[in-house]
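Chains as they are written, first to last, in our numbering: chain A, 1 to 241; chain B, 1001 to 1246.
Everything labelled a hint here was simulated from the structure, so no lab data went into it.
Do not rely on the hints blindly, as some may be mistaken.
[What the hints assert, rightly or not] For lysine to aspartate or glutamate, the following EDC-like pairs were computed, each having C-alpha atoms within a straight-line distance of at most 16 Å:
1. A:193 to B:1030
2. A:210 to A:194
3. B:1124 to A:109
4. A:15 to A:222
5. B:1131 to B:1094
6. A:4 to A:179
7. A:149 to B:1216
8. A:203 to A:161
9. B:1184 to B:1139
10. A:149 to B:1033
11. A:149 to B:1025
12. B:1122 to A:161
13. B:1213 to B:1199
14. A:170 to A:109
15. A:218 to A:201
16. A:170 to A:201
17. B:1137 to B:1158
18. B:1196 to B:1216
[What the hints assert, rightly or not] Covered stretches of chain B (chain A as the covering partner; in silico rule of three or more C-beta atoms under 8 Å from a C-beta of chain A):
19. 1019-1032
20. 1042-1056
21. 1126-1135
Built from N, CA and C at the ideal position, the CB exists for glycine as well.
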Amino acid sequence: MADKSLYTKRIDGRKMDEVRPITAKVGVVPSADGSAMFKTGGTRAIAVVRGPRVLHPQNKRNPQKGILRVSYGMMPFSVWDRIRPGPSRRSEEISKVSEWALDAVVDLDAFPNTVVDVFIQIPQADAGTRVAGLNAASMALAHAGIPMKEMISAMAVGKADKTIIVDVDKDEEDFHDGEGATDIPMAVTSRTKEIALLQLDGKISTEELKTAIEMGKKACDDVLAVQMKALKEGSAGVDNE
Amino acid sequence: MEKEKRTLVIPGETIVSGNSYLPGDGTYRDGEDVVAAKYGISEVSDKQVRVIPVSGAYFPRRGNTVIGTVIDVTFNGWLIDFGGSANAFLSLNEVHRYVNRNELNDFLDIGDSAVVKVWDVKAKGIDVSMKMRGFGKIEGGMLFKVNPNKVPRVIGREGSMVRLIRGATGVNLTVGQNGVVWVKADSIEKELNAKKIIDFVVANATMSGLTEKTEDFIKELGLKVEEKAEIIEENTDTEEVKEEKK
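Chain A on its own, in the form it takes in the complex:
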């Protein structure tokens, strides 16, 4: 049975290309300039934007445009084992790739010598935290009134044995039978549909990767719809003070 995949049915009963239920909300942190919450299934992310504000230390300043600074972190209680608070190799990496992804859409030419700080925190994790963080961050940046060319929507696609799946959860990420699990977080810009983030952890063939990316792009459209809905409702419903 070489062609049959061992992963024929998803653990939580979803279709292979179905995303977990999404909720999103802006203005969750009233004291911030912009904030948002994004939730897919058991994964929940909060993003807070502060700035543009004067950047310290001075040697990091760019006199031509403002800079974006993203910091990602998982809360100690976000998973079953305690996560040691503070920066780790993993959180520094995710901060950096999120920064690069968001940098593709924000336009800080009007604010030289300043910084826009984006803080992403994960209060509850069930795989796909960096994409949830990116979705929240993109909404929070818009909510903060930062000039952006477009939005960013992100989704993790993957493969469990030979089956390509969308919105991988923790159980699927830990799938060990057959070819094992592959995790591909990706972020797509809302207007030009360009890929702003693409990482790959695991093994996958070129053909399968192409299919996975197409499925991911489709899922990102669903995410965008939720993000837009939250922003359109947000300013009327959620008070910022």
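Start from chain A and add chain B according to the hints.
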């Protein structure tokens, strides 16, 4: 064609299509489309398209009245922090009275607050002035912050809400567009009452019939409503209102 069309738009969303439209503040052109570059209310009037932000940080614009704190005294002026992306510079020449060049901190010292007008917004920095009537150093009274996006509601149409609050409490009131409010009266009770009313207005800024509700609230505090306030529409462009001081 459309005289005024207002909808909430999201960055990357097409507002209108067509080469005859002109992209203004908070928008950019992408081929045929005029696209939002900010989250806010889009406004199409006279082929000019722009987006007015509804949330987020305060961005200074020319003509705004702001209240800030002196953070540094230089050889020819003062650096003022008003909570924006850059500090504002108040030049010695932009002060309404003569100040000796060697005694700048006698007039304004570090930590003092002042009401100033935004004179120029450039990439290099923000210049402010206090030459006009009603601007100057803050002495006495109470300063507090409200959400900058709610300032138009606190001011009201042509300053009517400010007049209402002043009429009811007898305070002198200055609202900075950066969200800093200065109230001053001969007694602290009056100032606290004014603060209560302003907090009420901010908390209920999205409600309809805000004026009536505020008047009710004023009566609840045991004060008299002396002047009628007219409410301005949510998200109308901030108009500049200054209260005259004696």
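Original post:
Among the hints numbered above, which are violated by the structure, and what are their numbers in rising order?
Top reply: Of the numbered hints given earlier, those the structure breaks are 7, 12, 14, 15, 17, 21, listed in rising order.
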